[in-house]
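Student: All chains should be built: construct the whole structure from the sequences, respecting the hints.
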Amino acid sequence: MSSTPTSLPTPAPLIAAAFRRPSRGFWHTVGTRLRRDPVTLTCAGILLVIITAALAAPWLGLDDPFKMSMVRRLKPFGYQGHILGTDELGRDMLSRLIYGGRLSLFMGFMPVILATLIGGVLGIVAGYVGGRWNMIIMRLIDVFYAFPSVLLAVAISGALGAGLLNSIVSLTLVFIPPIARIAESVTTQVRGQDFVEAARATGASTWRIIRGHVFSNVIGPILVYASSLISVSIVIASGLSFLGLGVSPPNAEWGLMLNTLRQAIYVSPLIAILPGVMIFVTSMCFNLMSDGLRSAMDIKA
Amino acid sequence: MIDTPTSHPPAPLVEVRDLSVRFVTRDMNVPVVNGVSFSLAQGEVLCLLGESGSGKSVTLRALMRLLPESAQLGGRVTIGGVDVLGLPRSQLKDIRGSLISMIFQEPLTALDPVYTIGQQICETVIRHDQVSTRDAMKRALELLELVQIPSAARRLGAYPHELSGGLRQRAMIALALSCRPKLLLADEPTTALDATVQIQVLLLMRELQRELGMSTIFVTHDLGVACEVADHVSVMYAGRFAETGSIRDIMARPMHPYTRGLLSSTVTGGHRGEDLVPIAGAPPDLADLPPGCTFAPRCPQHQPACDAAVPALVGTGSHHARCIFVPEHLRHSGLVTPPSSQHPSRGTA
Amino acid sequence: MFARLKTAQPDSVENTLRLLDKKDDRRDRGGPAQPMLIVRDMKKHFDIGRQSFGGPRSTVRAVDGVSFEVGKGETLGIVGESGCGKSTTARLLMHLIEPDAGSVIFDGDEVAGVRGISVRDLRLNMQMVFQDSYASLNPRLTIADSIAFGPSVAGLATGAARARALSLLRMVGMDPAVFAQRYPHELSGGQRQRVNIARALAMGPRLLILDESVSALDKSVEAQVLNLLRKLKRDLGLTYIFISHDLNVVQYISDRVLVMYLGQVVESGPVDSIYGATRHPYTAALLSSRPSMNPDHRVSKPPLSGDPPNPINPPSGCRFRTRCPKAQEKCAQQMPALTAAPEEATHLAACHFPLTPADALQAAAVRVYA
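Residue numbers (this note's numbering), protein chains in the order written: chain A, 2 to 302; chain B, 463 to 811; chain C, 19 to 388.
Keep in mind that the hints were calculated from the coordinates and are not lab data. Quick caveat, the model's predicted, so the values are computed rather than measured. For each residue, glycine too, the CB sits at the ideal point set by N, CA and C. Careful, some of the hints might be misleading.
Stated by the list, open to error - Once the Cα atoms are required to be at most 30 Å apart in a straight line, the calculated DSSO-like pairs of lysine-lysine come out as:
(1) C:319 <-> B:644
(2) C:319 <-> B:600
(3) B:555 <-> B:644
Stated by the list, open to error - According to the in silico footprint, chain B covers these stretches of chain C (three or more CB under 8 Å from chain B):
(4) 233 to 243
(5) 255 to 268
(6) 305 to 313
Tutor: Take a look at the structure:
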């Protein structure tokens, strides 16, 4: 029945050395993953150029964006030192695009930043507290959420009147509902986790728990969503200016420039679409970067 | 299983030779399964016993190639004559469900929540057997009755979330059996169930396995479950088999110190009042395995000779263990005789 | 005024336990005879709205009249299957959810009562270790920060809270130099559970509720953690409430056991009595549902058929009657009260026809354990 011990061959030794890189915290990992994403890096590069140019505009030695010349209207690229030609009133396109960038980017960023602050707070409070307050806050938000964003922006701007400040207010009001929704949904999710219960079991105050536990877990998805709103904001802001509800001439702003160059589209199409190209590129880059951020944060630890 | 040494044994249903799985990404290169070999005949039940990180679930999924892109597979897996690792991806779905089928630990996530149970079973039956919807529904009803779901006809139209945990698990078993697979893979199917439901499902699986003559590979960390269903057990540690043998061999005569440690650290009421004897230390980091025996750092019988090389699986008959002290252990227990009477090994490598 | 009765503890541990010098509410007020915890008729119903349009409102009677006592220094095991209300009971005790009815008396003081102990002070005395070791740790905090959160909320300075966290890590067997700066996802299940225990102990409690704390762990790690729990209980003089579905573990670690079914206590008593002289049919079924450790004596027939019923509409009378092999007319009409066994006054069972010792012996003879 029994036999000598049979010996079976050992498996082959491991070929490549095994390793596992230790992790150093959530944001560090996100940063590493972002740095490796070629799409994100390219977009970041493009945006860096645009934003730096916009910020440094006064020191770049550009032509005066307001200097008109009825003689040199709608001249093509490269005409007498105007690299991108001139617009319908003879002003240098390149300098108007760069100066326009300042206003367009400002009108794109500010509403999102303000809306994140206000909407984020509302959403986190509603999500953590739950119950009746949640219902009150979220249903009020839903009233605004029901309107299509562009229509709402136009309506509020129309009511407040044209101008830079009014358009920023209008866009902020448009963006608060979606951010509040995201914030509330993520907060509710985190609120149900055991570690928040454990924190409650230590007798910590609501504010302490939100600050210490909820916030760090919630800020990620909110930031991803907010960054995707920047591209939308730039487009809608340009739209408002196009409709005459934003900044007024002779200021340089991409949307406004699109409007004033409308007539020129049959005469000098290349010049007429330039502001649109800028809106497109900037908006796309922010959009792709926001996608990249979302993928980078999708870590299955 | 009758042992007939003179007649030629039928070819085993499952042949696994030197299976290895590595997870390779930019941040890591970790060998999760290191050279696993076994064979299983038709109608037998093998239990892969091990703790988390032992590689048992990965081994199971490798048999169906259900692993993520980052997994690199090596070795050879032959099931019912089909070379699974060599199949092109497009042909994999032909064997999944019809030749090999799998049931998972958490039925709520494994079943599609937007289709009824009846619809899900029909979909599989139609895909593999190409029958009409009516015939598929009839078969679905038969299956639900086979797994002892009460009011089977009514349950055909139920959604997964409408069923209780035990019924869901039975529905998943019905789904897995719908195309009469030759091999059933079960990944801790009863771990998430209550005690009274767990025993029902285990007994059901035992009955079905006997009735349908399927081979089953069960993954579990619970020795009690293994005792209830298994014919053979392979204890896994750090991606290799530490010990393999019949369930009686393993429970009565464990040869590997890890198996012995598992047995002694299983809590029973009899230990009341005394400290348990756990296995010292923690499972190893697979990215940083010791050069020799992977269990050596935790082993009470550790000697310097253990660190020289990974021990081979040594043993007698079908009972083998990966430990250099096995021959000595066998001699002491009088199980070894002079080499004149040779018995063909059962094919477990 | 209460006499200051300090339980005898070694010096270093005393320092570790004392959280705040001034308002230290950890005096042993009641004395050794006073039970640490008395729970009377606790109820919690969840209103889940209408199941169908215009129909009656449904309530889940998660906890429906639960009463028990926990003596000082003992371990009370609570067993039951999913839906029995044991986790809800734990959360009610911790006041993480508010009970609908019933009272909790901690060491002689009524919790949240007029002249009793406040919920805030209760939390210095009673803490909980949760089940899911991964979800109970904030993935964005290092484990030292997670442990130090409680003490710093209670008023300890940051440095002191951190030092406390490190010494607690050492107490649960983890080297602070290696583990303090790690994140939860870098730890194994057993290590995370030790961190959870350390976090619960950081508040210096006298009673620890362990809600399925070892259920998700591997067997060998479970053994290590159980040994740790026993050691901590001895060294720190703790009282435990140990909730689990694993009957073997409960038998090993408990002094007294409570069996729950659908929100009610069906049996309670000393552990040897419950396991050796079972009186309630449900407990007997639970005990027989354990897989045998002997491959030659496998379980041939499941002791109970069907699934635990819906807690929304429990059966009338005795809730177990729909699955009980001994159910009779009386069981449907009248809910059984907890009655004491003739031989053992503390062994209570809620059954009209409790099992006799003869029944229990017969059942035991059928099952053979290796």
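Student: All hints, please: hold or fail.
Tutor: Here is what the structure says about each hint:
1. C:319 <-> B:644: holds, 26 Å
2. C:319 <-> B:600: holds, 29 Å
3. B:555 <-> B:644: holds, 15 Å
4. 233 to 243: It holds: at least three residues are needed, and the segment 233 to 243 of chain C offers 7 whose Cβ sits within less than 8 Å of chain B.
5. 255 to 268: holds (count 5)
6. 305 to 313: Per the Cβ count (7), the hint holds.
In this structure, every one of the numbered hints holds.
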